[in-house]
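**Student:** Sequence:
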Amino acid sequence: MDVRFDDHAAFQRAAAWAALGGAALAAVAPLPVAAAGAAIAIAFRPGARRRRLVVASGCAAAAGAALALPAAVWPWALSGAFFALVLASARAEAPASARAVAVALCAAIAVVAAHTLPAAALALSQALPRALADVAAGGALGLWLSLAAAPLHISMGADPVEGRLSALRPSLNAELRALAERAAAARRGATHELPAGARADLRGLLDSLALAALDLASRASELGRAAPASLENDLKARNAALAKNAAAADDERARQSYLRAAEALEGQLEHLRRVRRARERVLARLHEEVANLERARFSLTLLHGGDDAVELDLLHERLQHGAVACESEEDLTVSRPVLT
Numbered sequence: 018m019d020v021r022f023d024d025h026a027a028f029q030r031a032a033a034w035a036a037l038g039g040a041a042l043a044a045v046a047p048l049p050v051a052a053a054g055a056a057i058a059i060a061f062r063p064g065a066r067r068r069r070l071v072v073a074s075g076c077a078a079a080a081g082a083a084l085a086l087p088a089a090v091w092p093w094a095l096s097g098a099f100f101a102l103v104l105a106s107a108r109a110e111a112p113a114s115a116r117a118v119a120v121a122l123c124a125a126i127a128v129v130a131a132h133t134l135p136a137a138a139l140a141l142s143q144a145l146p147r148a149l150a151d152v153a154a155g156g157a158l159g160l161w162l163s164l165a166a167a168p169l170h171i172s173m174g175a176d177p178v179e180g181r182l183s184a185l186r187p188s189l190n191a192e193l194r195a196l197a198e199r200a201a202a203a204r205r206g207a208t209h210e211l212p213a214g215a216r217a218d219l220r221g222l223l224d225s226l227a228l229a230a231l232d233l234a235s236r237a238s239e240l241g242r243a244a245p246a247s248l249e250n251d252l253k254a255r256n257a258a259l260a261k262n263a264a265a266a267d268d269e270r271a272r273q274s275y276l277r278a279a280e281a282l283e284g285q286l287e288h289l290r291r292v293r294r295a296r297e298r299v300l301a302r303l304h305e306e307v308a309n310l311e312r313a314r315f316s317l318t319l320l321h322g323g324d325d326a327v328e329l330d331l332l333h334e335r336l337q338h339g340a341v342a343c344e345s346e347e348d349l350t351v352s353r354p355v356l357t
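Here my numbering runs 17 ahead of the position in the sequence shown, where the first position is 1.
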């Protein structure tokens, strides 16, 4: 079982914003409200803000209940659960099980915070101004909650692209192996460069294009094994020998048999040439797909401006076009020779 932690950068950014939001609101309001500050800070990040703000309002309501009922613990747990839902709305690809675990952990951490952070802030206020102690406690609450939501970034099971590459690697020659490695590396780099708030289906498109490239590498390898140069040389030699035997034969029936055998070998040679042409088309298409994946990776590397959404939509359209082209490709097959 392969366990991976996806999108480290997004997790770190979320933790930083949650800590800042919790600290900022704790500076002007009692500690329970810090959870709402953390949730609101996350909600205002790029992406589906409206949906996240709706969930963040639930966190704020739970924080208000914690203020109104200082002896109750359940409002703290509820605010932690709402915080996890805010983060989950930004991780559309996270499975339902990961969302449920994150909600449970955030609720539990909020309960722990209810019993520890007020006392910790009081103790810290002996050495620092009370306002700074509250800010530190609010930042700690936001950080704890974001860390408890880590299951949203954990993926279990083999990576489909890496698993496919590992299975193919032994069967590929040096040229095809290098192209397959480049396709997987480009997909890996593009996935890591995906900005926060990127369309959830972009990752799926990158995966599908990488898998299509690996399928092309596998097909090229199969065609190469089916049409080695040694086979062509052998067929030519046998064909020449049959023609020579036919010319030297005194018996007409024997001569005709030799000629029919030579004709059959000529058909095999023609089929061999078709296989080689098909392999050349597959190889050319593989080069194209690898170049498209590398282009996508470099495009994502350059996304750091205000037009990110427009650029991401253009990239999505380009990748979608490539995926459709891969699915509709019909000229990469080899027809069987017609037996007459």
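Simulated from the structure, these hints should not be mistaken for lab results.
The beta carbon of each residue, even a glycine, is placed where N, CA and C say it ideally should be.
Hints are supplied without guarantee of correctness; some may be wrong.
Restraint-style ranges between C-beta atoms, simulated for each label pair [as the list claims (entries may be wrong)]:
1. Ser172 / Arg242: 33 to 43 Å
2. Arg147 / Phe61: 43 to 53 Å
3. Arg186 / Leu149: 47 to 57 Å
4. Ala78 / Ala308: 45 to 55 Å
5. His209 / Gly284: 20 to 30 Å
6. His209 / Glu249: 18 to 28 Å
7. Pro112 / Ala195: 27 to 37 Å
8. Ala202 / Pro87: 53 to 63 Å
9. Ala264 / Glu305: 40 to 50 Å
10. Pro87 / Leu164: 52 to 62 Å
11. Arg242 / Arg66: 47 to 57 Å
12. Val90 / Ala148: 33 to 43 Å
13. Leu149 / Glu305: 20 to 30 Å
14. Ser188 / Glu297: 12 to 22 Å
**Student:** A separate judgement is required for each hint: does it hold in the structure or not?
**Tutor:** For each hint, the structure was consulted:
no.: 1; hint: Ser172 / Arg242: 33 to 43 Å; result: 35 Å, holds
no.: 2; hint: Arg147 / Phe61: 43 to 53 Å; result: 28 Å, violated
no.: 3; hint: Arg186 / Leu149: 47 to 57 Å; result: 56 Å, holds
no.: 4; hint: Ala78 / Ala308: 45 to 55 Å; result: 52 Å, holds
no.: 5; hint: His209 / Gly284: 20 to 30 Å; result: 51 Å, violated
no.: 6; hint: His209 / Glu249: 18 to 28 Å; result: 45 Å, violated
no.: 7; hint: Pro112 / Ala195: 27 to 37 Å; result: 34 Å, holds
no.: 8; hint: Ala202 / Pro87: 53 to 63 Å; result: 55 Å, holds
no.: 9; hint: Ala264 / Glu305: 40 to 50 Å; result: 48 Å, holds
no.: 10; hint: Pro87 / Leu164: 52 to 62 Å; result: 26 Å, violated
no.: 11; hint: Arg242 / Arg66: 47 to 57 Å; result: 54 Å, holds
no.: 12; hint: Val90 / Ala148: 33 to 43 Å; result: 26 Å, violated
no.: 13; hint: Leu149 / Glu305: 20 to 30 Å; result: 59 Å, violated
no.: 14; hint: Ser188 / Glu297: 12 to 22 Å; result: 19 Å, holds
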